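Novice: So the sequence lines, in the order shown, correspond to chains A and B.
The numbering of the first sequence is our numbering, which starts it at 1 and goes up by one.
The numbering of the second sequence is our numbering, which starts it at 137 and goes up by one.
None of these hints come from the bench; they were simulated from the model.
Predicted, not measured: the structure shown is a model, and the values here were computed from it.
Among the hints, a few may not be true.
[Stated by the list, open to error] Derived contacts from chain A toward chain B, CB cut-off under 7 Å, selection only:
#1 I5
#2 Y8
#3 Q11
#4 I12
#5 D25
Even for Gly, the Cβ is constructed at its ideal location relative to N, Cα and C.
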Amino acid sequence: MRPLILKYAEQIDAEELDMSSIIYDEEFQLSVIKGTKTPAFDSISSFTKTFTKADGEGTDDTASGLQGHLHTITYSAINSEVSDSDETRPELSVVLFTKTQTFTTSEETDEDSPPPMSLSTKTNTRDYKEETDCTN
Amino acid sequence: MLLIISHTEDYTVDYVANILNKSSLPFFRLNTDLLHEYDYVVEVNSRIHFELSRHREFQSIWFRRVKLPQLRDLTDVQNYIGLDYQSLLFGYICSLQVERIISDPYSIYRAENKIFQLKTALNVGFKVPKTVLTNSKEVLRKFIDHQPSIIKPIRSGKFTHGNDSFLIYTNRIEANHLLEDDLLTPAIYQQEIIKEYEIRVTVVGEKVFASKVNSQSDEETVLDWRRKHLKFEAYTLPFNITDLCIKLIKELQLSFGAIDLIYSTTGEYYFLEINPNGQWVWIELDTGQKISQALINYLYNV
Chain A
1 MRPLILKYAE
11 QIDAEELDMS
21 SIIYDEEFQL
31 SVIKGTKTPA
41 FDSISSFTKT
51 FTKADGEGTD
61 DTASGLQGHL
71 HTITYSAINS
81 EVSDSDETRP
91 ELSVVLFTKT
101 QTFTTSEETD
111 EDSPPPMSLS
121 TKTNTRDYKE
131 ETDCTN
Chain B
137 MLLIISHTED
147 YTVDYVANIL
157 NKSSLPFFRL
167 NTDLLHEYDY
177 VVEVNSRIHF
187 ELSRHREFQS
197 IWFRRVKLPQ
207 LRDLTDVQNY
217 IGLDYQSLLF
227 GYICSLQVER
237 IISDPYSIYR
247 AENKIFQLKT
257 ALNVGFKVPK
267 TVLTNSKEVL
277 RKFIDHQPSI
287 IKPIRSGKFT
297 HGNDSFLIYT
307 NRIEANHLLE
317 DDLLTPAIYQ
327 QEIIKEYEIR
337 VTVVGEKVFA
347 SKVNSQSDEE
357 TVLDWRRKHL
367 KFEAYTLPFN
377 ITDLCIKLIK
387 ELQLSFGAID
397 LIYSTTGEYY
407 FLEINPNGQW
417 VWIELDTGQK
427 ISQALINYLY
437 NV
């Protein structure tokens, strides 16, 4: 027996986008171009200006590549718009729902027994190990 | 000050943080993947006092994404200790007294359930395609026989198997797809609505930004516009549909939502789903709609 829904699964190109030109900056609390303090998204606007002015000539490779990447990332993340980025570990929502239930019933959560939803979570994880989504 | 709950690879937050920095608006980005690196003190006396990374007071929260901290020295107990950190995080969020939040995580997780959101959309007055979820092949066959139908995942359609990555888009389902040895696990079966075009509505508080995509112009995107990156354009919704979008957000106790609608060839608007924490930067880049500014105005009460 095979789940019907999986007949519609399509293999996708899982090749990671190359974001090696950027790094998280603690001071500005955002990603910047490596070796600079230029916010990654600023490189997009400067690229756009350069491109417009030079009519397509003299574009900066880092900026143009990054423009595509950031635009793609903010678009492709629509394939996984859930709030829990750790799709292998949807326990967070389990924790929340368990807490809600606990508040409602005023019963203690039994730490030895898994919350009801975790049964299906574990089965699913065993069968289809989901990728951690770092992009959304 | 604004508290942003996210992780270091959330580029939507990068986009907004860049604007905040330029506007000299104060914020603290709490990266949940680095949660183990922050200093914290929780004192429980006559009341609970939380201090995380020396920050105590916030006026607003933008809850974006959570990720378990990557505990490199504790890989064997990564999940267990990681969840301890998440409990700390949610204790922190629940203990904060803020004036504004986009959106309450409890409401977000509840609203992410597609059955619940369909029910709520119907309640507020949206037209919704006929829908069934069942593990009965007889019920499913009758449903498919009755009208052209689609199948889509009950939640995220993204997963990996071994080293391969897969996506499940919305697909047409026909009677001959259903075989005796198929297992009916939870999935959504819906009446296929013949589309004129599709609309993505981004709601921030009571600000509504609608954008249209001509998904029917390309054979590949007839059933699911996510298959290709088509350009979105600004769109004006009729007043009554705008009103329904705001009502839906309120009913779900959210302050933000990305709603997917169909405009049918019969001239009707159908609700498909809502993403309570959906993406929107690409729409702003495509259409020029000032969604980021609306978000900032909401969070800073401007």
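Novice: Let me make sure I understand: some of the numbered hints might not hold for this structure. Which ones are they, in numerical order?
Specialist: As far as the earlier hints go, only 5 is violated by this structure.
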